[in-house]
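Trainee: Single-letter residue listing:
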Amino acid sequence: MTLTISDWLALFLHFSADSLLAVGGAISAAPEMHRFLVQEHHWLDDATFANSITVAQAAPGPNVLFVAVMGLNVGLVASGGLHSGWQSLGYALLAAFVCMMGMLLPSGVLTLVITNWAHKNRELTAVKAFKAGVAPIVVGLLVSTGYVLNSHNNHWSHDWPLWLVALISTLLVWKTKIHLLWLLASGAALGALGLLQA
Amino acid sequence: MTLKHARGPSCVWDLFWSFTLLGLQGFGGVLTIVQRELVEKKQWFTPEEFIEDWSVAQVLPGPNVINLGLMFGSRHFGLAGAIAATTGLMLIPSIGVLTIALLYGSISDNPIAQSALKGMNAVVAGMVLATGLKLIPALKKNPMGFALSLCLVLLTLVSVNVFKMPLAYVLLGIGGLSTLWAARQLKRITTPTTLQSAASFDASAKVSKQDASTP
Numbered sequence: 001m002t003l004t005i006s007d008w009l010a011l012f013l014h015f016s017a018d019s020l021l022a023v024g025g026a027i028s029a030a031p032e033m034h035r036f037l038v039q040e041h042h043w044l045d046d047a048t049f050a051n052s053i054t055v056a057q058a059a060p061g062p063n064v065l066f067v068a069v070m071g072l073n074v075g076l077v078a079s080g081g082l083h084s085g086w087q088s089l090g091y092a093l094l095a096a097f098v099c100m101m102g103m104l105l106p107s108g109v110l111t112l113v114i115t116n117w118a119h120k121n122r123e124l125t126a127v128k129a130f131k132a133g134v135a136p137i138v139v140g141l142l143v144s145t146g147y148v149l150n151s152h153n154n155h156w157s158h159d160w161p162l163w164l165v166a167l168i169s170t171l172l173v174w175k176t177k178i179h180l181l182w183l184l185a186s187g188a189a190l191g192a193l194g195l196l197q198a
Numbered sequence: 199m200t201l202k203h204a205r206g207p208s209c210v211w212d213l214f215w216s217f218t219l220l221g222l223q224g225f226g227g228v229l230t231i232v233q234r235e236l237v238e239k240k241q242w243f244t245p246e247e248f249i250e251d252w253s254v255a256q257v258l259p260g261p262n263v264i265n266l267g268l269m270f271g272s273r274h275f276g277l278a279g280a281i282a283a284t285t286g287l288m289l290i291p292s293i294g295v296l297t298i299a300l301l302y303g304s305i306s307d308n309p310i311a312q313s314a315l316k317g318m319n320a321v322v323a324g325m326v327l328a329t330g331l332k333l334i335p336a337l338k339k340n341p342m343g344f345a346l347s348l349c350l351v352l353l354t355l356v357s358v359n360v361f362k363m364p365l366a367y368v369l370l371g372i373g374g375l376s377t378l379w380a381a382r383q384l385k386r387i388t389t390p391t392t393l394q395s396a397a398s399f400d401a402s403a404k405v406s407k408q409d410a411s412t413p
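In order, the protein sequences belong to chains A and B.
In this text, residue positions in the first sequence follow the working numbering: the first is 1, and each later residue adds one.
In this text, residue positions in the second sequence follow the working numbering: the first is 199, and each later residue adds one.
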C-alpha cells in the first residue's frame, strides 16, 4: 500500500484543519486525528496511534511532536516498514514533515497576524480588557491541567503513591529552585523500580 | 518590528539556542521550563507579561508553546525571530523523538517503560499545577482586582474539574464575561495611580520605545 498524491494532500489538509481546531493545545485535536487516521483511512491501528502519543511524551520536546510521530508511522506502514529498505525511511520522514507542516502553518500564520494586530492596537480598551479578563481563567486552567493529568489515576487505594509524587513535585517546583530534570528523572526511576504501585 | 527590551535575547541565534534548550528540557510539556528559564532566570518576561502572553497563546488555536514562541520571537526580531524560536523549540527535539520512535516503536508494550512514564506523568502534573500557583501573585495587578481574579481562578477550576466543562465553553463563557467586566473597570479608571497600575499590567507597554531610551 502506498500513498497517492491525493492521500498526501488529504493528510496535509487534515492536519491543517486540526491545527485550527486545536484550542488549548495540539492534544485536544487527538480524537479528530484518531477518527481520520484510524477509523476512516486505516493508515494506523489503535495501538500504533496510542503509541505515537506515548513515545512523544516520553521524549523531550513540545507535546505537538506526537503529530510528527504519527506521520512517521503512517509513512512506515504505507511503505512496508524499515525492513523493506531505505526508501521507507525517506517516505516516513516525508510523511512526518507533511503532517507537522499541516499542524503548524495555519495556526502559526493566524497567531502572527492576530498578535501583530493586537500589539499595534495595544492601547485599545478591548485588547487590554481581553488580556486582563482571560488571565485568571488561564491560571485556573493551568491548575486544572495539573489535576486532570493525574485524575485518571482514580483508584485511591492503589494510586496514592502517584498522587504523593504529584504533590511533592508541586511543592518542590513551587517553593524551591531544584532543576526540573532531577524531578522528572526521580519520577521515572521510582516508576521503573515499581515503587509507585501500592 | 524590532524592539529593544531591557532584558531579552541579544540576537536571533541567542533566541534559537535558548528555545532549543527549552525544548530539550521539556518532557510532557515545555510550559514549566519556559516559566522557570524565561521568567525566573533570564527575566525576558515579567510574571505579568508571561500570563498575558500565555493567555493569548492558549486562546488561539495551535500548540500553546509554539504560539508563545511565535509571539515572543516576532516581538523581538520580526518574522525571523518567530521562525528562530519555533524551529529552536522543535528542530533538535524532533530529531530525538523520531529516532526514539524508530528504535523503540513499541514503548507501550514494555511494562517498565510504562511505569517509568507513569511516574514522570505524576511529576509533570505537579509541575504544571505549581506553575499555575506561581502565577497567582501576578494577578494582583489585574484591573479587575485581586479578589475577583481569585474567584475567577476558582470558578475555572470548578467548571473544568467538577462540571467537566469543555475548554471552549470555559474560555468563551467565563473568559467572555470577565473580559467585559475588565473593559468596564478599565473605562472607570480615572485616578493617575490606578492608571499607572493598569499600564504596568499591559505587557506590550513595557517593550515600548520610551523604555528602550531610558538607561
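What the hints contain is simulated information worked out from the structure, not anything from laboratory work.
Fair warning: there could be bad hints in the mix.
[Said to hold, decoys possible] Below 20 Å or equal to it, Euclidean Cα-Cα: the simulated SDA-like pairs (lysine to any residue) are:
# : chain 1 : residue 1 : chain 2 : residue 2
1 : B       : Lys-338   : A       : Ile-27
2 : B       : Lys-362   : A       : Ser-28
3 : A       : Lys-177   : B       : Thr-244
4 : A       : Lys-177   : A       : Leu-167
5 : B       : Lys-362   : A       : Lys-177
6 : B       : Lys-385   : A       : Val-127
[To be verified] Distance windows between CB atoms, simulated:
# : chain 1 : residue 1 : chain 2 : residue 2 : range
7 : A       : Thr-125   : B       : Ala-278   : 41 to 47 Å
8 : A       : Asp-46    : B       : Cys-209   : 25 to 31 Å
9 : B       : Arg-205   : A       : Gln-39    : 31 to 37 Å
[Unchecked claim] Per the computed footprint, the stretches of chain A lying under chain B, defined by three or more beta-carbons under 8 Å from a beta-carbon of chain B, are:
#  : segment
10 : 3-10
11 : 34-40
12 : 52-58
The beta carbon of each residue, even a glycine, is placed where N, CA and C say it ideally should be.
Trainee: Evaluate each hint against the coordinates.
Mentor: Outcome of the hint check:
no. : hint                                   : verdict
1   : Lys-338(B) with Ile-27(A)              : 31 Å, violated
2   : Lys-362(B) with Ser-28(A)              : 14 Å, holds
3   : Lys-177(A) with Thr-244(B)             : 17 Å, holds
4   : Lys-177(A) with Leu-167(A)             : 16 Å, holds
5   : Lys-362(B) with Lys-177(A)             : 33 Å, violated
6   : Lys-385(B) with Val-127(A)             : 13 Å, holds
7   : Thr-125(A) with Ala-278(B): 41 to 47 Å : 32 Å, violated
8   : Asp-46(A) with Cys-209(B): 25 to 31 Å  : 46 Å, violated
9   : Arg-205(B) with Gln-39(A): 31 to 37 Å  : 49 Å, violated
10  : 3-10                                   : violated (count 0)
11  : 34-40                                  : violated (count 0)
12  : 52-58                                  : holds (count 6)
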